[in-house]
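Could you slot chain W onto chain D? The hints should help.
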Amino acid sequence: MQFGVDVRVVPALAVESLTYAYPKAARPALSDVSLELAPGELVLLAGRSACGKSTLLRAACGLVPHFHGGEIDGAVEVAGVDALATGPGELAAAVGYVAQDPETQVVSTTVAAEIELPLELRGDDPSSRARAVEEVALALAIPHLLDRAVDTLSGGELQRVALAAALVTRPRLVLLDEPTSQLDPVAGDELIWLLRRLNEEWGVTILLAEHRLERCLAAADRVIAMDAGAIAFDGTPRDFLAWAQGADQALETPAARLFSLAGIEPLPVGVRDARRTLASLETADGGEADPLRTACTFSSAGPGAPIAAPPKKLREEGVRLPSNTTFTSRDLWVELDSGDAEPRDVLRGVDLAINGGERVALMGRNGAGKSTLLKTAAGLVDPVRGKIEAPTGIALLTQNPSDYLVRERVGDELPGDAGLAALRVVGLEHAADADPRDLSGGERQRLALAIALAGRMDGDELPGLVALDEPTRGMDRARKDDLAGLVHDLAERGAGVLVATHDVEFAAVVAERVVLLGDGVAIADGPAAEILSGGWYFATEVARVLDLPGIVTPEQAAKVLQGEA
Amino acid sequence: MRSPFAYTPRPGPLQSASPGAAVAYLGALTVAAFLYSNPIVLVAAGVALVLAGRLAGAHAAVRAALWMGLTLALLIVAVNALVVSRGETVLLRLGDLPLLSNVITAEALAAGAVLGLRAAVVMVAFAVYSACVDPDRVLRALRPLAGRSALTATLVSRLVPVAAADAARLRDAARLRGPAAAPVGRVPLARRLLAGSLDRAVDVAATLELRGYSLTPSDTPQGGALVGRASVRRSRYDRRFYAVGAVVLAAATAAKLLGADAFAEYPAIEVGATPATLALSAVLVLSGLAPLRRPIPQPPSRRTASNFQSLRWKI
Numbered sequence: 001m002q003f004g005v006d007v008r009v010v011p012a013l014a015v016e017s018l019t020y021a022y023p024k025a026a027r028p029a030l031s032d033v034s035l036e037l038a039p040g041e042l043v044l045l046a047g048r049s050a051c052g053k054s055t056l057l058r059a060a061c062g063l064v065p066h067f068h069g070g071e072i073d074g075a076v077e078v079a080g081v082d083a084l085a086t087g088p089g090e091l092a093a094a095v096g097y098v099a100q101d102p103e104t105q106v107v108s109t110t111v112a113a114e115i116e117l118p119l120e121l122r123g124d125d126p127s128s129r130a131r132a133v134e135e136v137a138l139a140l141a142i143p144h145l146l147d148r149a150v151d152t153l154s155g156g157e158l159q160r161v162a163l164a165a166a167l168v169t170r171p172r173l174v175l176l177d178e179p180t181s182q183l184d185p186v187a188g189d190e191l192i193w194l195l196r197r198l199n200e201e202w203g204v205t206i207l208l209a210e211h212r213l214e215r216c217l218a219a220a221d222r223v224i225a226m227d228a229g230a231i232a233f234d235g236t237p238r239d240f241l242a243w244a245q246g247a248d249q250a251l252e253t254p255a256a257r258l259f260s261l262a263g264i265e266p267l268p269v270g271v272r273d274a275r276r277t278l279a280s281l282e283t284a285d286g287g288e289a290d291p292l293r294t295a296c297t298f299s300s301a302g303p304g305a306p307i308a309a310p311p312k313k314l315r316e317e318g319v320r321l322p323s324n325t326t327f328t329s330r331d332l333w334v335e336l337d338s339g340d341a342e343p344r345d346v347l348r349g350v351d352l353a354i355n356g357g358e359r360v361a362l363m364g365r366n367g368a369g370k371s372t373l374l375k376t377a378a379g380l381v382d383p384v385r386g387k388i389e390a391p392t393g394i395a396l397l398t399q400n401p402s403d404y405l406v407r408e409r410v411g412d413e414l415p416g417d418a419g420l421a422a423l424r425v426v427g428l429e430h431a432a433d434a435d436p437r438d439l440s441g442g443e444r445q446r447l448a449l450a451i452a453l454a455g456r457m458d459g460d461e462l463p464g465l466v467a468l469d470e471p472t473r474g475m476d477r478a479r480k481d482d483l484a485g486l487v488h489d490l491a492e493r494g495a496g497v498l499v500a501t502h503d504v505e506f507a508a509v510v511a512e513r514v515v516l517l518g519d520g521v522a523i524a525d526g527p528a529a530e531i532l533s534g535g536w537y538f539a540t541e542v543a544r545v546l547d548l549p550g551i552v553t554p555e556q557a558a559k560v561l562q563g564e565a
Numbered sequence: 566m567r568s569p570f571a572y573t574p575r576p577g578p579l580q581s582a583s584p585g586a587a588v589a590y591l592g593a594l595t596v597a598a599f600l601y602s603n604p605i606v607l608v609a610a611g612v613a614l615v616l617a618g619r620l621a622g623a624h625a626a627v628r629a630a631l632w633m634g635l636t637l638a639l640l641i642v643a644v645n646a647l648v649v650s651r652g653e654t655v656l657l658r659l660g661d662l663p664l665l666s667n668v669i670t671a672e673a674l675a676a677g678a679v680l681g682l683r684a685a686v687v688m689v690a691f692a693v694y695s696a697c698v699d700p701d702r703v704l705r706a707l708r709p710l711a712g713r714s715a716l717t718a719t720l721v722s723r724l725v726p727v728a729a730a731d732a733a734r735l736r737d738a739a740r741l742r743g744p745a746a747a748p749v750g751r752v753p754l755a756r757r758l759l760a761g762s763l764d765r766a767v768d769v770a771a772t773l774e775l776r777g778y779s780l781t782p783s784d785t786p787q788g789g790a791l792v793g794r795a796s797v798r799r800s801r802y803d804r805r806f807y808a809v810g811a812v813v814l815a816a817a818t819a820a821k822l823l824g825a826d827a828f829a830e831y832p833a834i835e836v837g838a839t840p841a842t843l844a845l846s847a848v849l850v851l852s853g854l855a856p857l858r859r860p861i862p863q864p865p866s867r868r869t870a871s872n873f874q875s876l877r878w879k880i
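Line by line, the protein sequences are chains D and W.
Just so we're aligned, residue 1 is where the first sequence starts under the working numbering, counting upward by one.
Just so we're aligned, residue 566 is where the second sequence starts under the working numbering, counting upward by one.
Since the hints were derived computationally from the structure, they do not count as laboratory data.
Where hints are given, some of them may not hold.
[As the list claims (entries may be wrong)] Distance windows between CB atoms, simulated:
(1) D/Asp125 x W/Gly750: 51 to 61 Å
(2) D/Ala434 x W/Ala730: 24 to 34 Å
(3) W/Val752 x D/His144: 37 to 47 Å
(4) W/Arg751 x D/Glu36: 46 to 56 Å
(5) W/Arg713 x D/Arg131: 18 to 28 Å
(6) D/Gly427 x W/Ala732: 43 to 53 Å
(7) W/Leu637 x D/Trp536: 51 to 61 Å
(8) D/Pro266 x W/Pro748: 54 to 64 Å
(9) W/Gly750 x D/Asp32: 45 to 55 Å
(10) D/Arg238 x W/Val752: 31 to 41 Å
(11) D/Glu36 x W/Ala730: 52 to 62 Å
(12) W/Thr717 x D/Ala434: 31 to 41 Å
(13) D/Tyr537 x W/Pro748: 35 to 45 Å
From a predicted model like this one, the values you see are computed outputs, not experimental measurements.
Backbone N, C-alpha and C define an ideal beta-carbon position, used for all residues, glycine too.
Excised from the complex, chain D in its bound form (with noise of 0.2 Å):
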């Protein structure tokens, strides 16, 4: 059929041979990598920390080499643009770009002037710009916010916001690099559905680069693993997930791991998947298989069903507290100014009560007051009524550990004998002579943790709470699984560990207790398992799959599929 047009069809992304190194690098961060991606597909870039994810799309969008310097071989084509030839400034009608942290990617004041801002630069005249706005504002379901000032908005708000700036040129390809890692698992699983539906119906080309592969797995059409600069993987999904179990099983998604462990093909790439593949061997097996059966249907609780044990309240009489109770919070109410006309009640009458050696995870959607409540107990917040008790102290680690570095030797930062039992503590005793920014960036926490705990220590004997505000943010599995084991070591050493997280998976393996924020209330307190496997978001994606109570992990249920629980 002729259609009288040119209908050839220009990948949207071709690398090939691309070789480069920053500045000074003594290594180059992409190796020979080659790709094609063509128009309308959905790419997931996998790939452990430090891999040529991030470089890699820098280079897509022009930034690399043009903004950041260095060596490069190979061609770069946007839309049949050569992106080495042309700067980012040009290639921009034709790519969008959205970094880990959007809070870097805002330059106005408010979400209207803030998405304008690519057309003004480019001179579009006002009534185009402001129906691309509305289109843009429309497509995104944030026209309520065009009016909003940026500082105001909450995690997932602002990554919306970025997207619409990135989008509102209508670019062919879209590139993300990790766009969840900030958001709660409610904002993430929207954006991520929200990608797949501009994906669907603009055919936007979208290349996101996430560690949380089990959240956006189902949503893709291809994967793409890096592994030291060069590309390793390149297939389906489920031809991935076959790979990664060989290969690299720090790239296993949790269902796809509960599969291998359980002896069960095909790895699934998502939750409707693994229920489907077992509700497939269900039937092959005649309908015999009880634990298939319980798994392949709804438990009769059903998700967000009520959990045993309710919050306790402390002010009650009669609630008596362990012997080795380290930290308690009892009817806490804290009140901050957000700017507007009134301070707004942040927690509503926590309570809480931490042991020593118990490893509690604090969840909740972003703005639940989670970060306010451990900034409450290590003093930096006084509450307005209730009151804290921590009687053999706390130390907190904030969300950045790099604001706790400031000088240019680990021994500068923690001198003498109490700074050097604190690097033993987290196993950083080796490194007193370097320098902080030469560490990597689990030692860098590790570092900040030591900070913070230099001399709050008696002897070797740790403070009676270690709390931790979301430090699993931008890392793969690799560094999660070295957290959790300094996690379980902190407690084991009798320090109760309190840790913030939005991110389901790291709860279920480092908690033994689950404590929910609910708009500064605690909504729900109990065991790590029954509290994972009794909702829809705060869930584990093997909880999602199985839905059995108190099954959260994969090894867990796959002794259930095998019939040994």
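Here is chain W on its own, set in the frame of chain D:
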């Protein structure tokens, strides 16, 4: 935590007004405060601005500005009383002190109070402006004159509160250091803040590159970056603010000519309360009602599902 002076979009007339109209209105009241020394007029201008700010919903900004302005006013009163020895009514003799006056007079206190009052009024005016006028719209209005300078100003106005938030975070981290960790002095903290600000500046520069900041007029079919017409969003409240601003300026000028600024600190305090002074004060106070929004007429009540629901609950 947001600064109380940060712009907060609200649906009120002052926020909806174009920057020119808002500046004309608030500027007229500020000019009146500079034209007059009569405390009755200054108080009236202050009342008008507080009223305007509160009607516009900028409660926190007005509160903070009043607190800061009155603190500054007290400081001015104290300094003026200590350094000026003019005036007939001696309240206290201090003896011979280097550089300072040897007496404190009621007139010097009153003169300081007038200066302080004016400073407080101006601070409230700027607080209301800062909280109610969208800086993006102000700078967009300026873009046809100097596009890139206006964008730079936008970035500065955005990065200053971000740097303040970074500084607050670093201070928190410094407080959370264990007692045996090396203490963080101001210099390392400032260095760390500077390094963080430079990192942020690099991120912003990268973002601007991606949005097309480096485009030159020849790069774009539309004629180039930041050279197009500015989109000035008009408001139906613009005329009101321009009119009120004009009335305030005209009244202030006319009243000045009629002797409404009758006030003398030295040698003895004399506050004139002429009809012109009182009339001008009344005009100023009434001008504070300009951001008042007419109540939206409610449609006749109908029995809706939610009404029915509430009835059921009452039963």
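Practice problem: Enumerate the violated hints, using their earlier numbering and listing them in ascending order. | Solution: The structure breaks hints 6, 10, 11; every other hint is satisfied.
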